[in-house]
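We have chain A; now place chain B onto it with these hints.
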Amino acid sequence: MNTMRNPGWEWLMAQRWILPALLLIGFGLAFAIPEYNLLNKYVQLVMMYVGINIILTVSLNLVNGYMGEFSLAHAGFMAVGAYTAALLTQKVLPIADYPGLFPLAVLAGGLMAALLGLIVAIPSFKVRGDYLAIITLAFLMIVKSVIENIDYIGGPRGIPGIKKLTTLPWVFFWTVATIWVVRNFVYSKYGRGVLSIREDEIASDLMSVNTRRVKFLAFMVSSFFAGVAGALFAHLLQFISPRVFDIIKTTDVLIMVYLGGIASISGSILGAVLYTVLLEVLRPSNFAALVSWLPDVIFDPLNQYFIRHLGVWRMVIMPLALVLVMLYWPRGIMGLREFRWFVPKRDLDAHHRHVAHGGSHDAPHGH
Amino acid sequence: MTLLTATKVKHYFGGLCAVADFNLQLQSGELMGIIGPNGAGKTTIFNLITGVYRASEGSIRLRDVELVGKTPHQITALRVGRTFQNIRLFRDLSVLDNVRIAHYAQVHYSPLEALLHIGRYRREEQRIIDNSHRLLSIFKLEHLAGETAKNLPYGSQRRLEIARALAIDPELLLLDEPAAGMNPNEIDQLMEFIQWIRQEFKLTILLIEHQMKLVMGICERIMVLDFGQTLSEGPPTVIQNDPKVLEAYLGEGSIG
Numbered sequence: 001m002n003t004m005r006n007p008g009w010e011w012l013m014a015q016r017w018i019l020p021a022l023l024l025i026g027f028g029l030a031f032a033i034p035e036y037n038l039l040n041k042y043v044q045l046v047m048m049y050v051g052i053n054i055i056l057t058v059s060l061n062l063v064n065g066y067m068g069e070f071s072l073a074h075a076g077f078m079a080v081g082a083y084t085a086a087l088l089t090q091k092v093l094p095i096a097d098y099p100g101l102f103p104l105a106v107l108a109g110g111l112m113a114a115l116l117g118l119i120v121a122i123p124s125f126k127v128r129g130d131y132l133a134i135i136t137l138a139f140l141m142i143v144k145s146v147i148e149n150i151d152y153i154g155g156p157r158g159i160p161g162i163k164k165l166t167t168l169p170w171v172f173f174w175t176v177a178t179i180w181v182v183r184n185f186v187y188s189k190y191g192r193g194v195l196s197i198r199e200d201e202i203a204s205d206l207m208s209v210n211t212r213r214v215k216f217l218a219f220m221v222s223s224f225f226a227g228v229a230g231a232l233f234a235h236l237l238q239f240i241s242p243r244v245f246d247i248i249k250t251t252d253v254l255i256m257v258y259l260g261g262i263a264s265i266s267g268s269i270l271g272a273v274l275y276t277v278l279l280e281v282l283r284p285s286n287f288a289a290l291v292s293w294l295p296d297v298i299f300d301p302l303n304q305y306f307i308r309h310l311g312v313w314r315m316v317i318m319p320l321a322l323v324l325v326m327l328y329w330p331r332g333i334m335g336l337r338e339f340r341w342f343v344p345k346r347d348l349d350a351h352h353r354h355v356a357h358g359g360s361h362d363a364p365h366g367h
Numbered sequence: 001m002t003l004l005t006a007t008k009v010k011h012y013f014g015g016l017c018a019v020a021d022f023n024l025q026l027q028s029g030e031l032m033g034i035i036g037p038n039g040a041g042k043t044t045i046f047n048l049i050t051g052v053y054r055a056s057e058g059s060i061r062l063r064d065v066e067l068v069g070k071t072p073h074q075i076t077a078l079r080v081g082r083t084f085q086n087i088r089l090f091r092d093l094s095v096l097d098n099v100r101i102a103h104y105a106q107v108h109y110s111p112l113e114a115l116l117h118i119g120r121y122r123r124e125e126q127r128i129i130d131n132s133h134r135l136l137s138i139f140k141l142e143h144l145a146g147e148t149a150k151n152l153p154y155g156s157q158r159r160l161e162i163a164r165a166l167a168i169d170p171e172l173l174l175l176d177e178p179a180a181g182m183n184p185n186e187i188d189q190l191m192e193f194i195q196w197i198r199q200e201f202k203l204t205i206l207l208i209e210h211q212m213k214l215v216m217g218i219c220e221r222i223m224v225l226d227f228g229q230t231l232s233e234g235p236p237t238v239i240q241n242d243p244k245v246l247e248a249y250l251g252e253g254s255i256g
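Taken in sequence, the protein lines are chains A and B. Numbering of the first sequence is given in this note's numbering, commencing with residue 1 and proceeding in unit increments. Numbering of the second sequence is given in this note's numbering, commencing with residue 1 and proceeding in unit increments.
Note that these hints are calculated values from the structure, not bench results. Hints should not be assumed to be uniformly reliable.
One-sided and incomplete, this derived list gives chain A residues near chain B with beta-carbon spacing under 8 Å [claimed, not checked]:
no., residue
1, 181
2, 190
3, 196
4, 203
5, 205
6, 209
7, 211
8, 217
9, 336
10, 346
11, 353
Under 10 Å between C-beta atoms, here's a sample of chain B residues computed to sit facing chain A [as the list claims (entries may be wrong)]:
no., residue
12, 71
13, 73
14, 77
15, 82
16, 88
17, 90
18, 92
19, 98
20, 101
21, 103
22, 105
23, 107
24, 122
25, 128
26, 129
27, 149
All C-beta atoms in this analysis are idealised placements derived from N, C-alpha and C, irrespective of residue type, glycine included.
The following block holds chain A by itself, in its conformation from the complex (with noise of 0.2 Å):
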């Protein structure tokens, strides 16, 4: 629960309608930037990127933060999105004369990670932590072979030439369906069990959960997400290998996750974006731009080395800063909290209702 308690902060929380009408001027700059480009295509592109890791992070938290298990599959699950949106949209939808059908695809990527998932849960009834995280891990490399080894759809050359379908108003449609999905999952008797399994599974079981239903849920719906970024992705990018689903994939989610915080929607929100925005800040180019307001005594040394070698320092960074941010919040920038806003409001005022109920009851128990 959330100690702070100030004034002015309490009633900012307790006025709900601004999300909504922040939704609504969000579809709409999603309409309007693009069109009559408000912003350069570069920025656009983050924004997209920045969208799409949301999806990926708010997913991976379900079964990672939420369930307390180490899941290194979300770019397996992601790949099988990418390549059935992709073969969809390439080979079977007639999608040059109705675009329209895009979200289909999306819906198909999203569905076949989840058939997937479904299947990477069972080993989940039996193992858990580091060995569910090799079973995982092994699943990763199982999808990556094998999309290696059809030749059908391209092998390890992958597929080229993807339409663009993927725009900004898209991303902004999947990635709010994403945060709603996942929110209305865990404020339900299944996210509630999904919570109790990470705290204690016997514990979870004995208290009436079907444990091995609430995992397989999980893991759909972690999934099922997870193939629908990989759509995205693939119709953004515009060409996929299997290469570009590897590990390195998991973890860039994976940090993101637990930079932002465990089982938080608001945490995977603010760690996507902070992560994949302070990537781009890193990259020499536009550092330069945003310290070129330096004097020149300033700027001058700092471009000759530190700036230019910026793309290998990079990954120095922001690893350090993880490193940093673990050992200061453990459980992530938002770790087991939430933004007010995302609690349903029943939940809210269950938490803090401190009228009497059923006063007929009477026990004895004096404390």
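Same frame as chain A, now just chain B:
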């Protein structure tokens, strides 16, 4: 009417026989105690009844339903609730969520309704929130609904664990050392409290306890275990005077 019947239950851990030929007939509405030294197999029996372990041999029946082979959540859904010797709350979750989670089997909506918050979702959620608050208020925990469970003092955690067990709407309640770590005054209150919830929730209670005061004070029937064997069984007065029991467990001297 017999609620729980255990017949010739045996359980082995590897080659070690933890429970040898355990037999029990628990009548509906009864309050029975199981006592015995550490390692006598008491908690193992609870684990066998609730499906944490699968009995190596024998049968455990709840009315006419065979429990051996069922998973813990299936058995719990048949209205068997329990607490644990060492408190096993969901420590990082709120007090309210601890109680709400135990409603899992009683909440009726599909995954789709949960994902979209449609259909029965709202009504069912409100119902279990109300029921959770009712239970918390009975246990004088309602003002702590939003508190993280691990932050509660020990006594409150014990009460929360019983509240959580009652949330599954049990007919049979298994209490594993409910008085552990309590002082004599608290034990008096607990005895009164167990009697009260038994009446209020129409429970059949089976409890494990080391505190003789509690066992002798409230149990109608007591079973004494030692090394997985049943030494003796009967009302408190009989147990207190059984020479076998005195030798194995109670030792010399009087019973507190």
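Under the constraints set out in the numbered hints, which ones does this structure not fulfil? none
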